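Trainee: In order, the protein sequences belong to chains F and H.
Counting from 1, one number per residue, gives the positions in the first sequence under this note's numbering.
Counting from 321, one number per residue, gives the positions in the second sequence under this note's numbering.
No lab work stands behind these hints, which were simulated from the structure alone.
Check the hints yourself; a few may be wrong.
[As the list claims (entries may be wrong)] What follows is a set of in silico ranges between Cβ atoms, one per label pair, in the way DEER data are often shown:
id : chain 1 : residue 1 : chain 2 : residue 2 : range
1  : F       : 128       : H       : 480       : 50 to 60 Å
2  : H       : 324       : F       : 33        : 41 to 51 Å
3  : H       : 487       : F       : 139       : 46 to 56 Å
4  : H       : 480       : F       : 38        : 41 to 51 Å
Keep in mind it's a predicted model, so treat the numbers as computed, not measured.
Cβ coordinates follow ideal geometry from the N, Cα and C atoms, glycine included.
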Amino acid sequence: MPSSTRAFGTAEMAAPVSLTVRPAAPSSGVREILGLLWQDKVATVSATLLTLVLACVLLGPWLLADQARALNLMARNAPPFSIDKGWLFVLGADALGRSLLARIVVASQNTMLIAVSAVALSVIIGGILGLIAGYKGGWASAILLRLADAIMSFPSMLLAVIVLFVFDPGVTNVILVLAVSRIPIFLRTVRAEVLEIKERMFVIAARAMGARTDRVLLRHVAPMILPTIINLAALEIAFVMLVESGLSFLGIGIQPPEVTWGLMVADGRNYLGSAWWLAFWPGVAIMLVTMALNLLSNWLRVVTDPVERWRLQTSVGRHD
Amino acid sequence: MGSFIFKRSLQSVFSLVALIILIFFLARMTGSPADLYLPQDASAQARFQFNEQYGFNDPLIEQFGRFLWGLLHFDMGQSLQFSRPAVDVVLQAFPTTLALAAITMPLVLLVSIVTGSLAAYRPGGVFDRLASILSLIGASTPNFWVAIVGVLVFAVTLRVLPTSGTGTALHWILPVGVLMLRPTGVLVQVVRTSMMTALSSTYIKTARAKGVGSRAIVFVHALRNGLLPVITVASDQAAGIVNGAVIVETVFGFPGIGKLMIDSVLLRDFAVIQAAVLVTALAVFVINIIVDIAYALVDPRIRYS
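Could you put the whole structure together from the sequences, leaning on the hints where they help?
Mentor: If you want it as C-alpha cells, here you go:
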C-alpha cells in the first residue's frame with residue numbers, strides 16, 4: 001500500500017481543507033468524524049455492529065457467564081427461535097442445553113481479545129523494527145527483511161500448528177504465535193513508508209535543527225505513517241480472527257473449557273446432521289465481524305486520506 | 321535474468337536453512353515418540369530399544385548432524401506411523417495437494433480477473449455492487465465454516481455431492497469451491513481497483529477515440545497494466561492456499577500434505593514433519609520465483625540485475 005499521493009496530500013491539503021470547507025465551524029475532531037461516519041450508511045452499520053461486539057466483550061462474561069454454563073436437559077439441541085424456553089434460546093441451544101446466544105456473547109471476549117492483542121503486539125514490534133530498518137538501513141535491516149521474508153513465505157498455519165503443539169495452546173501462546181506471523185507485514189509497510197518520508201523536507205529540516213533520532217522518528221515520521229497502520233491493523237484483526245478460529249477448529253488453538261467462536265463451530269460439527277444451528281451461528285458471528293472490520297477499514301482509508309476527505313466534505317456542502 | 325534467479329535462490333536457501341533448524345528442534349520438543357508407539361506398560365528396556373532403533377538416545381546435535389547428512393542423500397529418515405521412508409510418504413501425499421492448488425489457482429485467477437474487470441468497467445453499476453458484496457463475503461467467511469455448511473447443504477440435505485474422500489470428480493467440487501472462496505474475494509477487489517486506475521488513463525482514451533471495441537479495451541488494452549498488482553497479491557495467496565489446504569483436507573478427508581502434517585504432528589512423527597515442511601517450503605519458494613519472472617514478462621520496464 002504505497003501512499004505517496006496520500007502522504008503528499010497530508011502536507012499540501014490539510015490546511016486548505018479546514019480553511020475553505022469549514023470556515024466558521026472549528027468543530028471538535030470527534031464530532032467531525034462522527035458526522036462523516038453518519039454520511040456513509042455502510043460504515044455506520046459496521047461501526048454499530050463493532051460497538052455492539054465491544055459491549056459483548058466488556059459486559060458479556062459479566063452478564064451472561066452463568067447462563068452460558070447452565071445445563072438445561074429439557075432444551076437439549078433446541079432449534080432456533082425456541083422463545084418459549086426463554087429469550088436466550090432465540091438462536092437455539094447446544095447438545096447440553098446451553099443457550100447458544102449466551103455462549104456466543106461470552107465467547108466474543110476470547111475471540112476478540114486474541115485477535116486484537118495479537119495485532120496490537122505485531123503493530124508495536126513490527127512498527128518499531130520497521131522504523132529502525134527504514135531509517136537506519138544497513139546490515140541489521142537486511143537481516144530483518146530476510147527474516148520477514150522467511151516468515152511471510154511460509155504458510156502461517158503450519159508454523160502455528162507445530163509451535164502450538166510444542167507449547168501449551170493457551171490464550172497467551174496463541175496470541176504470541178499469531179503476533180509473530182503478522183509482524184513482517186507491519187515491518188515491511190512501515191519500512192517502505194519511512195524510506196519515502198525520511199527524504200522529505202520537514203524531516204530533513206528537523207534533523208538540520210538538531211533533533212535527535214528518536215524525536216525525528218516519533219514526532220515527525222510516525223504520525224505520518226499512523227493512518228496507513230490503523231487501516232492495515234483493522235484488516236489484520238479480521239484476518240487474525242479467521243486464522244485463530246481455523247486453529248481452534250483444528251483443535252490446536254484454544255482448548256476447552258475456554259471458548260471461542262472457532263471452537264464452537266468445531267463442536268457443532270459433530271451434530272451437523274441433527275442440529276445444524278450449533279455450527280451455523282458462531283460462523284455467522286465470525287463472518288459479520290470480519291465484514292464489518294473490512295468495511296470500516298475501507299471507510300477509514302477514505303477518511304484518513306485528506307484528498308478524498310476533502311472531496312467528501314465538498315460534495316456534502318453542495319447537497320446542503 | 322540468470323543472475324537474478326541465482327540471487328533469489330540463494331536468499332531462499334537462507335530461509336530454508338532457518339526453517340529446517342527451527343522445525344527440527346521444535347518437533348523434538350513435542351515429547352518422546354516412545355510414549356505413543358509403545359504400550360503404556362512397556363518396560364524401560366523396550367523403550368530404550370525403541371529409542372536406540374530410531375536414534376533418539378543420541379545427543380540432539382548428533383541427531384541433527386545425521387539428519388543433515390541424510391538430507392544430502394535425499395534420505396529424511398523413517399516414518400514412525402507408516403514404517404516407510406518419510407520421503408515416500410510425503411511424495412505420495414504431495415500430488416494431491418498440488419492438484420488441489422493447480423485446479424484452484426487458475427479458476428481463482430479466471431473468475432477474479434473477469435469479474436473484477438467487468439465491475440471496473442461500470443463503477444457503481446448493478447454488476448459492480450453485486451461483485452463488491454459477494455467478494456467481501458468471500459474474503460470474510462471462515463473457510464472451515466463454509467466447508468461444513470457446504471457438506472450440510474450439498475451432501476447431507478440435497479445428497480448430490482459426497483461428504484469426504486477422493487475418487488470421482490464429484491469429490492473435488494466442494495474442496496476446490498471452498499478453497500477458492502477467500503483468494504477470489506481478495507483478488508476481485510484488487511483487480512477492480514487496478515483496472516479502474518488503468519481504465520482512466522489517457523492511452524485508454526486514445527484507444528476509445530480510435531474506435532476500439534469496449535471488450536478489446538477492457539481485456540486487451542487495460543488488462544495488461546491492470547494485471548501487475550494482481551500478480552503480487554496472487555503470490556501472497558499462494559501461501560494462503562496452503563493454509564486453506566490444511567483445513568480443507570482435514571474437513572474433507574483429503575490425503576494431501578496438509579492433513580499428513582497435522583496427523584504427523586499429533587503422532588510425533590518427526591521425520592515426516594521435517595520432510596513435509598521442507599517440501600512445502602520448497603514449493604512455495606519455487607512459486608515465488610516463478611511470480612518474479614512472470615512480473616518481468618508482463619512488465620517490460622522491470623529488469624532484474
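Trainee: Please go over all the hints and tell whether each is borne out by the structure.
Mentor: Results for each hint:
no., hint, result
1, F:128 x H:480: 50 to 60 Å, "holds (54 Å)"
2, H:324 x F:33: 41 to 51 Å, "holds (47 Å)"
3, H:487 x F:139: 46 to 56 Å, "holds (54 Å)"
4, H:480 x F:38: 41 to 51 Å, "holds (46 Å)"
Going down the numbered hints, you'll see the structure goes against none, and every one checks out.
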